[in-house]
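The numbering of the sequence shown is numbering that gives the first Met the number 0, which starts it at 0 and goes up by one.
These are calculated hints, taken from the structure and not from any lab test.
It should be emphasised that the depicted structure is a prediction, and the values quoted were computed from it without experimental measurement.
Among the hints, a few may not be true.
In silico DMTMM-like pairs for lysine to aspartate or glutamate, Cα to Cα no more than 20 angstroms straight-line [to be verified]:
#, residue 1, residue 2
1, 120, 95
2, 111, 70
3, 150, 170
4, 25, 62
5, 129, 101
6, 111, 77
7, 18, 44
8, 133, 170
9, 120, 72
10, 18, 59
11, 25, 52
12, 154, 101
13, 150, 176
14, 19, 118
15, 154, 176
16, 111, 76
17, 151, 184
18, 151, 170
19, 25, 58
20, 133, 184
21, 111, 72
22, 19, 62
23, 18, 52
24, 111, 156
25, 133, 171
26, 154, 171
27, 19, 52
28, 111, 179
29, 151, 138
30, 120, 70
31, 154, 179
32, 154, 76
33, 111, 90
34, 129, 72
35, 150, 136
36, 120, 67
37, 142, 171
38, 111, 101
39, 111, 95
40, 19, 67
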Amino acid sequence: MSVIAAIDLRPGMLVEYEKKLCLVMKRHHHTPGNLRGMIQTRMRDVVSGNSFDQRFRPDERLEQVFLDRIEAEFLYEDQGTYHFMNSETFDQFEFDAETLGEVVNYLLAGLKVQVAYYEGKAIQITPPNKMNLKVVETDPPLKGATVSASKKPAKTETGLIVQVPQFVNVDDVITVDTREGTYLDRAE
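Please work from the sequences and hints to get the whole structure.
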């Protein structure tokens, strides 16, 4: 760990705050009129998943945390428990659906993911930034609808529901941004 000033916080950084491991999601340097400046952050407790807002003085010190990361492969899901295998050691481990959160919408057998470890414990799974998913359910296209003006919901093979253009049909493969859960384009 290293000590950094609050003014150096950036989204994506991990810090220890009140003896909790927290991910900085948003940061804004606010200077109201003739008052002292402050750093307004939106942080998430990595262990509990709770998000909260916190203000810091620019010179306030925080411990920056660096995580060990390994590559793992998603194997299967069994009654809400998701099983993974370390790609180097072949050790298997599991997460429950609550801990994984939105990541469950991107898990397909054989998918390579990044696993973050903190003090020897796996705490976070990160899928690739872009994934190709097959559309299994969507409404038929509207006649005369323009491509950019009109969207419709589509359900993918993993259960993720994403807004897609009218021309996307059942059995099409689409590219999805896993960070935002949004449609990018139709896969080739």
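The hints, checked one at a time:
no., hint, in the structure
1, 120 with 95, "holds, 14 angstroms"
2, 111 with 70, "holds, 7 angstroms"
3, 150 with 170, "holds, 17 angstroms"
4, 25 with 62, "holds, 17 angstroms"
5, 129 with 101, "holds, 14 angstroms"
6, 111 with 77, "holds, 18 angstroms"
7, 18 with 44, "holds, 10 angstroms"
8, 133 with 170, "holds, 6 angstroms"
9, 120 with 72, "holds, 17 angstroms"
10, 18 with 59, "holds, 16 angstroms"
11, 25 with 52, "holds, 9 angstroms"
12, 154 with 101, "holds, 15 angstroms"
13, 150 with 176, "holds, 17 angstroms"
14, 19 with 118, "holds, 13 angstroms"
15, 154 with 176, "holds, 15 angstroms"
16, 111 with 76, "holds, 15 angstroms"
17, 151 with 184, "holds, 14 angstroms"
18, 151 with 170, "holds, 15 angstroms"
19, 25 with 58, "holds, 18 angstroms"
20, 133 with 184, "holds, 12 angstroms"
21, 111 with 72, "holds, 5 angstroms"
22, 19 with 62, "holds, 11 angstroms"
23, 18 with 52, "holds, 16 angstroms"
24, 111 with 156, "holds, 17 angstroms"
25, 133 with 171, "holds, 6 angstroms"
26, 154 with 171, "holds, 11 angstroms"
27, 19 with 52, "holds, 14 angstroms"
28, 111 with 179, "holds, 19 angstroms"
29, 151 with 138, "holds, 7 angstroms"
30, 120 with 70, "holds, 14 angstroms"
31, 154 with 179, "holds, 16 angstroms"
32, 154 with 76, "holds, 19 angstroms"
33, 111 with 90, "holds, 15 angstroms"
34, 129 with 72, "holds, 16 angstroms"
35, 150 with 136, "holds, 14 angstroms"
36, 120 with 67, "holds, 10 angstroms"
37, 142 with 171, "holds, 19 angstroms"
38, 111 with 101, "holds, 16 angstroms"
39, 111 with 95, "holds, 18 angstroms"
40, 19 with 67, "holds, 17 angstroms"
Checked against the numbered hints listed earlier, the structure breaks none of them; every hint is satisfied.
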